[in-house]
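Letter by letter, the chains look like this.
2 protein chains.
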Amino acid sequence: MADAALSLDPGLVQRFVEIVGDRHALRAAEDIAPYLAEPRGLWHGHSPLVLRPGSVEEVSRIMGLATETRTPVVPQGGNTGLVGAQVPDEGGGQVVLSLSRLNRIREIDLLSNTVTVEAGVILQTLQEAAANADRLFPLSLAAQGSCQIGGNLSSNAGGTNVLAYGNARDLCLGVEVVLPTGEVFDDLRKLKKDNTGYDLKNLFIGAEGTLGIITAAVLKLFPKPKGREVAFVGLPSAEAALSLFGLASDRAGGALTAFELIGRRPYDYTLLHAAGAVRPLTSDWNWYVLMEISSGRSAEDARGLIEDILGAALEAELAGDAVIAASLGQAEALWNFREVLPEAQKAEGASIKHDISVPIASIPTFIEEADAAVELVSPGARPVCFGHMGDGNLHYNISRPADGDDAAFLAQYRIVNDAVHKVVRGLHGSISAEHGIGQLKRDELIATAPPVAIDLMRRVKAAFDPAGIMNPGKVI
Amino acid sequence: MADAALSLDPGLVQRFVEIVGDRHALRAAEDIAPYLAEPRGLWHGHSPLVLRPGSVEEVSRIMGLATETRTPVVPQGGNTGLVGAQVPDEGGGQVVLSLSRLNRIREIDLLSNTVTVEAGVILQTLQEAAANADRLFPLSLAAQGSCQIGGNLSSNAGGTNVLAYGNARDLCLGVEVVLPTGEVFDDLRKLKKDNTGYDLKNLFIGAEGTLGIITAAVLKLFPKPKGREVAFVGLPSAEAALSLFGLASDRAGGALTAFELIGRRPYDYTLLHAAGAVRPLTSDWNWYVLMEISSGRSAEDARGLIEDILGAALEAELAGDAVIAASLGQAEALWNFREVLPEAQKAEGASIKHDISVPIASIPTFIEEADAAVELVSPGARPVCFGHMGDGNLHYNISRPADGDDAAFLAQYRIVNDAVHKVVRGLHGSISAEHGIGQLKRDELIATAPPVAIDLMRRVKAAFDPAGIMNPGKVI
Numbered sequence: 001m002a003d004a005a006l007s008l009d010p011g012l013v014q015r016f017v018e019i020v021g022d023r024h025a026l027r028a029a030e031d032i033a034p035y036l037a038e039p040r041g042l043w044h045g046h047s048p049l050v051l052r053p054g055s056v057e058e059v060s061r062i063m064g065l066a067t068e069t070r071t072p073v074v075p076q077g078g079n080t081g082l083v084g085a086q087v088p089d090e091g092g093g094q095v096v097l098s099l100s101r102l103n104r105i106r107e108i109d110l111l112s113n114t115v116t117v118e119a120g121v122i123l124q125t126l127q128e129a130a131a132n133a134d135r136l137f138p139l140s141l142a143a144q145g146s147c148q149i150g151g152n153l154s155s156n157a158g159g160t161n162v163l164a165y166g167n168a169r170d171l172c173l174g175v176e177v178v179l180p181t182g183e184v185f186d187d188l189r190k191l192k193k194d195n196t197g198y199d200l201k202n203l204f205i206g207a208e209g210t211l212g213i214i215t216a217a218v219l220k221l222f223p224k225p226k227g228r229e230v231a232f233v234g235l236p237s238a239e240a241a242l243s244l245f246g247l248a249s250d251r252a253g254g255a256l257t258a259f260e261l262i263g264r265r266p267y268d269y270t271l272l273h274a275a276g277a278v279r280p281l282t283s284d285w286n287w288y289v290l291m292e293i294s295s296g297r298s299a300e301d302a303r304g305l306i307e308d309i310l311g312a313a314l315e316a317e318l319a320g321d322a323v324i325a326a327s328l329g330q331a332e333a334l335w336n337f338r339e340v341l342p343e344a345q346k347a348e349g350a351s352i353k354h355d356i357s358v359p360i361a362s363i364p365t366f367i368e369e370a371d372a373a374v375e376l377v378s379p380g381a382r383p384v385c386f387g388h389m390g391d392g393n394l395h396y397n398i399s400r401p402a403d404g405d406d407a408a409f410l411a412q413y414r415i416v417n418d419a420v421h422k423v424v425r426g427l428h429g430s431i432s433a434e435h436g437i438g439q440l441k442r443d444e445l446i447a448t449a450p451p452v453a454i455d456l457m458r459r460v461k462a463a464f465d466p467a468g469i470m471n472p473g474k475v476i
Numbered sequence: 001m002a003d004a005a006l007s008l009d010p011g012l013v014q015r016f017v018e019i020v021g022d023r024h025a026l027r028a029a030e031d032i033a034p035y036l037a038e039p040r041g042l043w044h045g046h047s048p049l050v051l052r053p054g055s056v057e058e059v060s061r062i063m064g065l066a067t068e069t070r071t072p073v074v075p076q077g078g079n080t081g082l083v084g085a086q087v088p089d090e091g092g093g094q095v096v097l098s099l100s101r102l103n104r105i106r107e108i109d110l111l112s113n114t115v116t117v118e119a120g121v122i123l124q125t126l127q128e129a130a131a132n133a134d135r136l137f138p139l140s141l142a143a144q145g146s147c148q149i150g151g152n153l154s155s156n157a158g159g160t161n162v163l164a165y166g167n168a169r170d171l172c173l174g175v176e177v178v179l180p181t182g183e184v185f186d187d188l189r190k191l192k193k194d195n196t197g198y199d200l201k202n203l204f205i206g207a208e209g210t211l212g213i214i215t216a217a218v219l220k221l222f223p224k225p226k227g228r229e230v231a232f233v234g235l236p237s238a239e240a241a242l243s244l245f246g247l248a249s250d251r252a253g254g255a256l257t258a259f260e261l262i263g264r265r266p267y268d269y270t271l272l273h274a275a276g277a278v279r280p281l282t283s284d285w286n287w288y289v290l291m292e293i294s295s296g297r298s299a300e301d302a303r304g305l306i307e308d309i310l311g312a313a314l315e316a317e318l319a320g321d322a323v324i325a326a327s328l329g330q331a332e333a334l335w336n337f338r339e340v341l342p343e344a345q346k347a348e349g350a351s352i353k354h355d356i357s358v359p360i361a362s363i364p365t366f367i368e369e370a371d372a373a374v375e376l377v378s379p380g381a382r383p384v385c386f387g388h389m390g391d392g393n394l395h396y397n398i399s400r401p402a403d404g405d406d407a408a409f410l411a412q413y414r415i416v417n418d419a420v421h422k423v424v425r426g427l428h429g430s431i432s433a434e435h436g437i438g439q440l441k442r443d444e445l446i447a448t449a450p451p452v453a454i455d456l457m458r459r460v461k462a463a464f465d466p467a468g469i470m471n472p473g474k475v476i
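Protein chains in written order, with the working numbering: chain B, 1 to 476; chain X, 1 to 476.
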């Protein structure tokens with residue numbers, strides 16, 4: 001750390017400190033440490049300085065000074081990202097800018113169904129504020145207790161509610177962004193329709209802080225569903241799950257709010273390793289689906305819909321068995337079963353992860369081809385497949401062979417990734433459906449995306465951040 | 001025309017002609033004429049050459065030659081745009097590139113619910129192809145019989161179905177774009193989730209052909225509604241219409257597929273001037289709403305929903321009177337009443353038009369303030385207000401005073417625009433909700449948008465079209 005600290009001039013550090021005040025400029029190693037490592041421990045960066053500005057104006061002044069002095073800045077929200085976008089590099093010359101103190105909900109507009117919120121607001125806090133106003137803010141994901149809205153937008157977060165409500169991008173009507181120069185781009189609009197020039201908003205969303213810093217946003221709110229039903233279904237095949245999805249979409253339309261696919265392995269591992277996990281179905285199946293129906297009309301309506309769908313699915317032998325949660329507690333237990341899958345998989349040893357999407361119709365083909373491709377490059381490795389099937393998005397994570405060695409298996413990370421991603425590309429899919437690019441997939445993106453796309457992205461980056469100080473080394 | 005033709009070197013013209021073949025390179029004044037004027041006659045450009053390429057490869061070669069020779073190119077679809085984006089300038093040195101011959105529907109994927117379509121496909125042709133495949137393509141607007149999908153995307157078209165299904169941007173999953181250099185950016189994906197780098201797709205959508213030429217797109221399809229009901233409602237005030245919208249949204253959610261506001265003047269003018277228009281309600285009201293409910297479940301379900309909403313609205317005295325169409329024919333007659341409003345207004349003399357949006361909650365305030373602002377700058381002028389209230393989007397068109405003079409009134413175009421747009425800006429609205437910027441609003445956009453936004457748009461333009469040959473003089 002001593003060496004790293006030297007890479008920022010003490011006089012410059014002092015100028016940054018003066019902008020936010022001594023209390024909010026972290027310089028001691030033990031204070032800075034939590035901002036340098038991310039949850040999975042894949043990246044560990046260095047930095048002599050973490051700034052915690054308390055206003056948009058302070059963010060603006062920080063970036064103005066950064067531009068003047070060509071100091072690289074790494075914006076950080078709740079530090080829950082999975083691709084290393086929020087972690088500084090190891091050089092020790094990058095300043096971390098934490099948005100945590102910009103945590104005000106500026107306005108809830110019940111008539112326009114919008115909320116104006118600062119970047120540092122924790123997702124769960126926003127969900128609760130919406131609920132208290134008798135509204136739903138639908139974005140929902142595993143890290144919601146600590147991730148922040150600014151990070152959700154910068155990574156275009158997905159999660160379990162995308163099927164009916166869209167991802168972070170779809171939920172955002174307007175943004176406020178501090179540009180690398182310190183200028184503030186105020187586009188905090190509540191409009192559903194606005195065709196006045198280029199769509200700048202969507203450039204900043206999903207840019208992982210490489211084009212500017214999102215400091216606030218206008219987000220959509222929705223009516224709270226009046227009825228919600230959760231079912232757990234056992235199915236003979238992934239093809240049957242695809243047919244069930246078609247049937248459920250057709251009957252429920254926008255009321256189908258979740259359709260999560262779970263393979264037999266993650267199901268079994270959860271029963272084996274997750275403390276307190278309750279077996280959802282008495283019989284065993286090759287595939288399972290967690291399905292949720294939310295009705296804007298009534299509890300009875302939701303119940304009627306889900307019974308109707310499951311009845312038709314059982315009759316058509318798409319579903320082999322099914323259970324509908326009989327209480328709120330049971331519904332939560334079923335969702336909990338879905339949410340602990342990644343944790344339960346850990347007990348089976350090292351794993352190689354993927355966050356892919358393909359056209360929904362290609363899901364069964366993807367599973368078949370990817371399983372074969374993995375077996376070829378890593379015999380005995382165990383594909384653990386689950387994810388947001390309704391969005392075409394699977395977390396296809398490979399556990400090492402049952403009797404294998406963690407380190408030897410992880411040495412194959414790149415080979416296994418390449419094999420799976422080759423199948424993805426063959427099906428015109430995406431190698432990062434919802435987690436983003438960050439540091440993790442930057443080289444692969446550049447190597448495998450069409451050169452025209454990479455060239456256009458580089459032109460955007462150069463146009464918005466000509467000095468290259470905005471989260472350098474990420475995305476592109 | 002002779003002078004104009006001289007501004008392109010004959011040898012260069014010949015090189016362009018050779019790319020598409022003699023038949024598809026229009027050079028005679030009478031062949032070119034339909035491409036130079038737009039429907040309302042506000043702009044009339046000059047050009048010595050209209051190219052009608054028959055493949056993406058030909059579009060690519062045209063742009064390659066245009067870049068080599070710095071020849072400006074104006075892409076054109078169905079030539080129905082309302083802001084002059086598709087019309088060349090008067091200099092005679094711009095080549096018009098018509099996408100009409102790129103008119104194949106490449107694929108309909110019923111499992112993924114997508115259609116891959118070329119830019120020159122006419123909107124209504126696509127609607128019909130979707131219907132024949134038992135699907136809905138929801139984009140719907142007055143010009144649908146002649147406008148083309150490429151133009152719809154390039155202008156991010158709106159229309160009457162945005163409320164439930166979104167605008168053209170929301171309906172698009174992937175694009176194929178020929179860049180100014182002739183390179184092809186192939187991003188024809190069917191994915192709901194894809195976080196691999198910057199969102200380039202949304203830059204091209206709504207850019208009015210100033211960044212590249214959209215040659216094909218992947219669009220979303222939806223299940224055909226199983227029941228549809230249309231009602232016409234009379235209301236005492238715009239505030240009552242806002243409350244009715246809240247009530248209908250709450251009860252119907254995504255099944256509320258249209259909520260169109262109609263003022264008393266356009267209602268009366270339609271009864272006066274539109275041949276065959278049938279009076280929807282026996283009593284007269286200050287405001288009217290055309291409301292549509294589409295059910296994915298059944299005809300009975302749609303009927304039950306709309307009766308439930310209207311019953312509650314009448315009881316709460318939000319609605320004064322209401323009629324539900326009793327047949328498909330009656331439903332079409334009510335929709336027709338809405339669609340002929342702009343035409344009926346013409347009989348009342350010259351009008352000054354606006355295509356604005358504000359947060360939905362601000363609609364009544366907008367109407368009150370805009371009426372007052374117009375009366376101040378143009379006493380006796382008659383605001384004719386109607387539009388897509390559910391999207392916050394009104395076509396607020398001012399007819400000249402009843403006993404006024406057309407030319408004298410139109411001389412006030414700018415003054416009246418300024419007065420109305422000042423109210424829009426005060427309510428954080430948009431001066432172009434769905435028609436775009438083109439030539440019509442370019443100067444005003446540049447003069448009134450935040451300088452930071454204009455600067456960012458100029459950087460995007462320079463990054464994508466450094467030679468400035470891509471539809472110059474439009475948007476920015």
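Where hints are given, some of them may not hold.
[As the list claims (entries may be wrong)] Pair by pair, the computed Cβ-Cβ distance ranges are:
| no. | chain 1 | residue 1 | chain 2 | residue 2 | range |
| --- | --- | --- | --- | --- | --- |
| 1 | B | G91 | X | A462 | 28 to 34 Å |
| 2 | B | P223 | X | E332 | 28 to 34 Å |
| 3 | X | L410 | B | G426 | 57 to 63 Å |
| 4 | X | Q330 | B | H428 | 27 to 33 Å |
| 5 | X | P466 | B | A402 | 38 to 44 Å |
| 6 | B | V323 | X | T448 | 42 to 48 Å |
| 7 | X | R458 | B | G91 | 31 to 37 Å |
| 8 | X | R414 | B | I454 | 41 to 47 Å |
| 9 | X | D134 | B | P450 | 31 to 37 Å |
| 10 | B | R425 | X | D250 | 40 to 46 Å |
| 11 | B | H44 | X | T69 | 52 to 58 Å |
| 12 | X | L271 | B | I454 | 56 to 62 Å |
| 13 | B | A402 | X | R106 | 53 to 59 Å |
| 14 | X | T69 | B | H428 | 31 to 37 Å |
[As the list claims (entries may be wrong)] Far from chain X by the CB rule (all over 12 Å, computed), these chain B residues:
| no. | residue |
| --- | --- |
| 15 | N202 |
| 16 | D250 |
| 17 | D403 |
[Said to hold, decoys possible] One-sided excerpt, in silico: chain X residues whose CB lies under 8 Å from chain B:
| no. | residue |
| --- | --- |
| 18 | R101 |
| 19 | A316 |
| 20 | H435 |
No lab work stands behind these hints: they were computed from the structure. All residues carry an ideal CB built from backbone N, CA and C; glycine is no exception.
Tested hints:
no.: 1; hint: B:G91 to X:A462: 28 to 34 Å; result: holds, 31 Å
no.: 2; hint: B:P223 to X:E332: 28 to 34 Å; result: holds, 30 Å
no.: 3; hint: X:L410 to B:G426: 57 to 63 Å; result: holds, 59 Å
no.: 4; hint: X:Q330 to B:H428: 27 to 33 Å; result: violated, 45 Å
no.: 5; hint: X:P466 to B:A402: 38 to 44 Å; result: violated, 57 Å
no.: 6; hint: B:V323 to X:T448: 42 to 48 Å; result: violated, 59 Å
no.: 7; hint: X:R458 to B:G91: 31 to 37 Å; result: holds, 33 Å
no.: 8; hint: X:R414 to B:I454: 41 to 47 Å; result: holds, 45 Å
no.: 9; hint: X:D134 to B:P450: 31 to 37 Å; result: holds, 34 Å
no.: 10; hint: B:R425 to X:D250: 40 to 46 Å; result: holds, 44 Å
no.: 11; hint: B:H44 to X:T69: 52 to 58 Å; result: holds, 54 Å
no.: 12; hint: X:L271 to B:I454: 56 to 62 Å; result: holds, 59 Å
no.: 13; hint: B:A402 to X:R106: 53 to 59 Å; result: violated, 46 Å
no.: 14; hint: X:T69 to B:H428: 31 to 37 Å; result: holds, 35 Å
no.: 15; hint: N202; result: violated, 4 Å
no.: 16; hint: D250; result: violated, 5 Å
no.: 17; hint: D403; result: holds, 35 Å
no.: 18; hint: R101; result: violated, 24 Å
no.: 19; hint: A316; result: violated, 16 Å
no.: 20; hint: H435; result: holds, 7 Å
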